[in-house]
Each structure stands twice: as C-alpha cells, then as structure tokens.
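Enquirer: Each chain is listed here by its residues.
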Amino acid sequence: MELGECDLDHVLKLSTDLLKLEGTLHIEPLESVKGLSVDALQAYLIGNEVRSQFIDRDALELLYTQVMEAPLEHHEMVVAQGTPAINGDSVTYTLTDSLAEQIEKVNLRKEAIRDGTLDEPEKVDSNGIIIENENEEAVSHYDQMSFVVVRAGDKIAMKTEKSDGSDGCDLFGGTIPAHEGKTNEGVLDDSILVAHDGTCTAVVSGVLTAVPGHISVCADLEIKEDVDFQTGRIIFPGPVTVGGAVRDRFCVRAEGDIEIRGLVEAADLESEKNIRLTRGMAGKETGTIQTKMDLTAGYLEGVIAQIGRDVSVKGEITNCDIKIRNQLNAEYAAVRGGCVQASMGASVGAIGSVQGVETDIEIGSLPDVEKDIRTADSFIERLEAAIQTKTSAMDTYSSVVAKPTASQIEDMMGMQFEIDELALRLKQLNAAKGQLMQLMTKFTSPKIHIHKAIYAKVTIYLPGYRAEFPTDLMGESTIEIGQSGHPSITYQGQTAPLSQHARVISDDRILRVTQCEGALSTES
Amino acid sequence: MKILLIDDSKTMRNIQKSVLKQLGYTEIEEACDGQDALSKIGAFNPDLCLVDWNMPIMDGLTFVTTFRQTNKTTPLIMVTTEAEKSRVIEAIKAGVNNYVVKPFTPDLLSERITETLAKCSAGA
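Which chain is which? The protein sequence lines are A and B, in order.
First residue of the first sequence? That's 1 in the numbering used here, and the numbers climb one at a time after it.
First residue of the second sequence? That's 525 in the numbering used here, and the numbers climb one at a time after it.
Quick caveat, the hints were computed from the structure, so don't treat them as lab data.
Mixed in with the good hints, there may be bad ones.
[As the list claims (entries may be wrong)] Straight-line C-alpha distance at most 27 Å; calculated DSS-like pairs for lysine-lysine:
{"#": "1", "chain 1": "B", "residue 1": "534", "chain 2": "A", "residue 2": "403"}
{"#": "2", "chain 1": "A", "residue 1": "323", "chain 2": "A", "residue 2": "273"}
{"#": "3", "chain 1": "A", "residue 1": "427", "chain 2": "B", "residue 2": "534"}
{"#": "4", "chain 1": "B", "residue 1": "545", "chain 2": "A", "residue 2": "427"}
{"#": "5", "chain 1": "A", "residue 1": "427", "chain 2": "A", "residue 2": "442"}
{"#": "6", "chain 1": "A", "residue 1": "427", "chain 2": "B", "residue 2": "643"}
{"#": "7", "chain 1": "A", "residue 1": "447", "chain 2": "A", "residue 2": "371"}
{"#": "8", "chain 1": "B", "residue 1": "596", "chain 2": "B", "residue 2": "526"}
{"#": "9", "chain 1": "B", "residue 1": "596", "chain 2": "B", "residue 2": "643"}
{"#": "10", "chain 1": "B", "residue 1": "643", "chain 2": "A", "residue 2": "390"}
{"#": "11", "chain 1": "A", "residue 1": "390", "chain 2": "B", "residue 2": "596"}
{"#": "12", "chain 1": "B", "residue 1": "596", "chain 2": "B", "residue 2": "617"}
{"#": "13", "chain 1": "A", "residue 1": "110", "chain 2": "A", "residue 2": "155"}
{"#": "14", "chain 1": "B", "residue 1": "545", "chain 2": "A", "residue 2": "390"}
{"#": "15", "chain 1": "A", "residue 1": "292", "chain 2": "A", "residue 2": "442"}
{"#": "16", "chain 1": "A", "residue 1": "292", "chain 2": "A", "residue 2": "224"}
{"#": "17", "chain 1": "A", "residue 1": "323", "chain 2": "A", "residue 2": "371"}
{"#": "18", "chain 1": "A", "residue 1": "390", "chain 2": "A", "residue 2": "323"}
{"#": "19", "chain 1": "A", "residue 1": "105", "chain 2": "A", "residue 2": "155"}
{"#": "20", "chain 1": "A", "residue 1": "452", "chain 2": "A", "residue 2": "323"}
{"#": "21", "chain 1": "A", "residue 1": "442", "chain 2": "A", "residue 2": "323"}
{"#": "22", "chain 1": "A", "residue 1": "403", "chain 2": "B", "residue 2": "643"}
{"#": "23", "chain 1": "A", "residue 1": "273", "chain 2": "A", "residue 2": "224"}
{"#": "24", "chain 1": "B", "residue 1": "609", "chain 2": "B", "residue 2": "545"}
I would like the entire structure built from these sequences, with the hints used as guidance.
Expert: What follows is the structure, encoded as structure tokens:
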C-alpha cells in the first residue's frame with residue numbers, strides 16, 4: 001500500500017440480513033480517498049465471497065459518489081441482492097360462480113337478520129293471503145332460504161393443485177430452499193368427490209357448508225329453532241328435523257322424513273317419506289300436509305292432508321279434511337268436525353262430540369281409482385250405445401239390399417269393421433275396469449272400530465251406503481260391510497244390521513264393488 | 525316386411541291395415557288406384573301388394589299387367605268383389621299370386637297373406 005492510500009480492509013465492512021439476501025456495504029470516515037474506486041469496492045465484495053452476479057454496480061457507483069463528496073462521514077448502502085425463494089402455492093378450492101353467489105346472498109341475509117336490517121316481512125290479510133308489496137324490488141321472505149342446497153352430482157368447486165415453488169440463492173451462492181405448497185387435505189370430506197380434472201362433485205344431496213378451510217355437504221338438515229323469517233322456507237333433498245315450531249305460511253318440503261318437535265301453524269308440509277309431528281298442527285283450515293308414507297301427530301286441527309299410508313294420532317282430530325290411503329289409528333282420539341277418509345279402515349276413540357258437531361267419516365274409498373272406474377263406466381255406456389246404433393243401421397241396410405253391388409259390399413264391410421273396432425275397444429275397456437275393481441277390493445277395507453262413542457250428527461260413509469246417527473251411541477262398536485253386502489254393526493257383543501242404530505241410506509259417494517258369480521261389478 | 529295397399533276406398537284400406545297390424549306388419553303404404561301405386565312402388569319397394577280390381581284412373585288388372593312387365597317376383601293378392609270364376613282366372617293369368625273375395629273376414633285375409641308369403645318364399 002502506497003503512503004497516503006486508504007486501507008480499505010479497515011474502513012470497509014460488509015453486513016447481511018439473516019437470510020444473507022441483502023448485502024450492505026459500510027464505509028468509515030476517510031482521511032484520504034486515494035486508492036478508493038468503484039472497482040476497489042467491487043473487489044472488496046468479491047473478496048468477501050459475494051457472487052458477482054448479485055453485486056449492484058449502480059449502487060456501488062452511487063455510494064462511491066457519496067463518499068467522494070463527504071469522505072469524513074460514515075456511509076452505507078445496499079450494494080448486493082440475492083434471489084429469494086418462491087414458495088409453492090397450496091391446494092385451493094374455488095366454488096362455482098353460482099354457489100359462491102348463493103352463499104354470499106345467504107351470508108348477507110344472516111348479517112341483515114343479526115343487525116336487524118332485514119326488510120319488513122310481508123303483511124298477511126285475515127284470510128292468510130300475502131298483501132302485495134308496492135315495491136317491485138321487494139323480495140318475498142316466505143320464498144327465501146337461509147342455506148344453500150345441492151344435489152348429488154352437482155358441481156361444487158374446482159380444485160387447483162399445489163405447486164413446488166422455486167429455490168432462491170443467497171449473496172454467497174448458498175441455496176435458500178422453497179417451501180412446497182400444502183395439500184390442505186382436511187378441507188373436503190367424504191361428501192365431495194374430486195375428479196382427475198379437479199372438478200369437485202357432491203356425492204350426496206344436502207346442505208352445503210363452505211367456510212374457509214372446510215367445504216362439505218350434509219345429507220340431513222337439522223334446524224334447532226323455529227322455521228320462520230329467519231330460516232325462510234325449507235326445501236330439502238333429504239330428511240329434515242325442526243327443533244322448534246313452523247310458523248304460518250312457511251313450508252317444509254323434504255325428500256326424506258320430516259320431524260317437527262314444536263307446533264306447526266298454518267304451514268305447508270310435504271314429504272316423500274314420513275312426517276312426524278311431536279306436538280301437532282293447528283292449521284287454521286289452510287295448513288296442509290302431504291306425505292307418501294306415514295303421518296304421526298300429537299293432534300291435528302284445521303288441517304288439509306293427503307297421506308300415502310297410515311295416520312296415527314294421539315290427541316284429537318278436529319275440523320280436518322284428511323284423505324288416508326291406508327289406515328287411521330287413533331284409538332284414544334276423537335274425530336270432531338270435518339271429513340276423514342280412510343281406504344283401509346279406521347280405529348278411533350270417538351266420532352263427533354257431545355255438542356253434536358257434524359262429522360263425516362268415509363271408510364273403504366279409493367277416490368282416484370273410483371274416479372277412473374266411473375269414467376270407464378261412462379265410456380262403456382257410450383260404446384255400447386254406439387255399437388247398438390251401428391248394428392241396427394247395418395241390419396237395416398242389409399235387409400233392404402237383395403243382391404249387393406260391389407260398392408254395397410264394401411259399405412257393409414266398412415260398417416262391420418266399425419262395429420268390430422268398437423267391440424274391441426269395449427272389450428279392452430271392460431278388462432281395464434276389471435283391473436281397477438280388483439284394485440278397489442284389494443286396497444280397501446270398509447271397516448271402522450269405535451272405542452268409546454259415536455255422537456249425534458255423525459255420518460259414516462261406506463261403499464254404496466251412508467249411515468246417519470241421529471242420537472249418541474255410547475260404547476265400543478264395529479261397523480263394516482257384512483257378508484250379506486249390507487252395513488252391519490257389532491255393538492255390545494251383538495252383530496246386527498246397522499239400520500238398527502242409524503239411518504242407513506243408499507249412497508254412491510263411495511263406489512261399491514261386488515262379487516257376483518266370480519266376476520266383479522259396480523253398484524251405485 | 526313392406527306392404528302396399530291399393531284400393532280406392534279408404535275404409536277398405538283401413539280394414540286391411542287393421543288386419544296387417546294385428547299380424548305384426550307396420551311398414552304399410554297406401555295408394556288410391558293403379559297409377560298412384562306405380563308412382564309409389566319405386567320409392568317404397570314393397571314385399572307384398574294387396575290390389576283392388578275396380579278403381580278409377582287405372583284398375584287393378586291393368587296395374588297387375590303393367591307391374592308384371594318389370595317385376596315377376598313381388599307377390600300380389602287381388603282383393604275384390606269380382607267373384608266369378610272367369611275373373612279369377614283372368615287375374616291369375618295377369619300375374620296375381622292369390623285372390624280374396626270381398627266381403628272377407630280378417631281371419632281369411634290373414635290366412636291368404638300368410639299362405640301367399642309362404643309360397644313365394646318357398647319358390648324363391
């Protein structure tokens with residue numbers, strides 16, 4: 001080193017950050033700048049094993065200029081930068097646009113409910129009809145749902161696979177390893193299937209849950225509180241359990257069983273399977289129940305119902321209009337007011353009331369089939385009349401023609417053809433009617449057992465008859481169509497014609513199918 | 525099996541069609557006289573023809589004679605009110621394979637169709 005030259009090793013110092021990605025050059029105050037140059041600074045860095053490709057020549061020049069301008073001051077500057085590692089992306093699941101939109105709506109609705117900013121529910125008039133809102137943009141809260149439902153096979157989301165990332169390099173050539181993306185395996189459960197192309201599909205139908213870190217479909221829906229403006233209507237492809245009540249005008253429609261533990265008001269319930277109402281339903285004459293299987297209820301009041309199989313009621317059935325495809329089991333219940341129809345018989349505590357409420361019971365009817373039989377009867381009658389008319393016309397025609405011409409022969413063939421065609425249709429129609437009557441005999445049982453009493457003003461309809469009770473009949477009794485084909489009653493251990501206790505009148509409200517010499521026929 | 529019905533009476537065609545459908549034949553084409561039949565035969569290419577005798581524009585016998593000039597094999601059944609023996613012979617000479625006299629029963633027509641098809645397929 002020449003005299004007067006600065007001693008670079010003593011005045012220069014290199015420092016780095018923890019990852020050694022950034023190199024800062026410090027220069028102590030200099031009494032002499034002789035020997036200092038940009039090249040000398042670069043040489044110092046290289047001498048300290050900094051890789052040349054990471055040295056920022058522009059920064060060195062700037063630092064050099066600053067030192068030359070004020071050599072007696074301390075200077076420092078970042079003069080070298082390594083390459084940072086780029087970590088891999090983790091697996092991500094992106095909901096379909098439609099589901100994302102639905103979830104956003106549901107979340108907004110929940111927030112509005114929580115903040116109390118949800119629009120006022122529609123007003124309902126005294127007949128239960130929604131009063132039209134003048135605001136065209138207003139939404140019906142009865143039609144809203146507070147969850148998103150998907151069906152098995154629906155596309156839920158797209159999976160984006162994780163990536164490896166790329167390693168970095170520090171100032172001295174050391175490798176900075178990149179972190180691989182996470183697999184996020186716990187995000188989906190068994191309810192969602194991921195295809196090779198990343199399409200995520202629902203395996204079961206149900207309610208979709210999509211929160212950060214978790215997406216799943218639950219096949220059962222359990223609502224702990226009431227079904228009201230907070231939950232909206234319930235339309236669900238599986239079983240539904242409601243812990244609370246179902247309020248007026250809301251509906252619960254499920255492809256699985258429905259169980260409601262609270263009171264059901266004038267709402268609509270519909271199930272492809274069974275419905276169980278732990279408390280019961282006060283339908284205010286507008287509430288409806290439709291189920292393809294059984295209905296079990298604490299009590300029913302003012303309900304319109306259509307039940308595919310059996311009905312079991314513990315309490316009372318008051319002012320209801322119920323059609324039951326199988327049996328009514330209500331040994332301890334009283335049926336008061338309204339009309340209850342049971343195809344396969346009934347067992348009830350009492351019918352009517354002490355006050356003499358008009359109550360109709362129909363036993364042994366199968367309305368849909370009866371309607372078809374009556375339609376078939378009407379067609380048969382018309383076909384028979386048409387055949388008779390055409391046969392007479394042909395007889396008349398052939399009787400006036402002694403030796404028919406070619407044209408007359410063809411006319412007569414045409415007439416005969418028409419008669420044959422009508423006869424064929426008549427035969428087919430009779431066969432179809434026969435099958436319907438077999439259904440009637442197989443799926444109806446005109447028998448009712450009453451455990452306590454039949455009160456005055458009760459009318460019991462049986463196939464071909466109606467029995468009106470002008471006075472109370474207290475005690476256990478069984479009413480049925482006896483072997484004689486007429487209504488009979490077993491009362492106090494004695495079986496007698498029902499006409500001994502009630503006014504029995506022929507009535508075709510329920511079609512009567514009788515067996516005569518092995519063949520079924522209908523009687524009005 | 526494709527069958528061509530040639531008769532000027534729609535009722536007669538319907539009767540024949542009904543019998544054929546009961547026999548299981550569903551590919552059926554209709555023509556209202558001999559000339560109409562000749563115009564349809566090329567495109568339809570029937571396997572059997574039922575022909576009436578008395579028709580306007582071109583009668584059944586003329587149709588049979590014309591048709592047989594180019595086609596010797598497709599079976600033809602004359603379905604007619606002409607019941608005289610001489611007429612039957614005339615039709616057979618012209619080239620029909622079988623003969624049904626009106627009025628006929630569905631059973632008789634189906635029997636003649638089955639018989640004709642059996643004979644023709646045995647001879648082929």
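Enquirer: Which numbered hints does this structure break?
Expert: Structure breaks hints 6, 10, 11, 18, 22 and 24.
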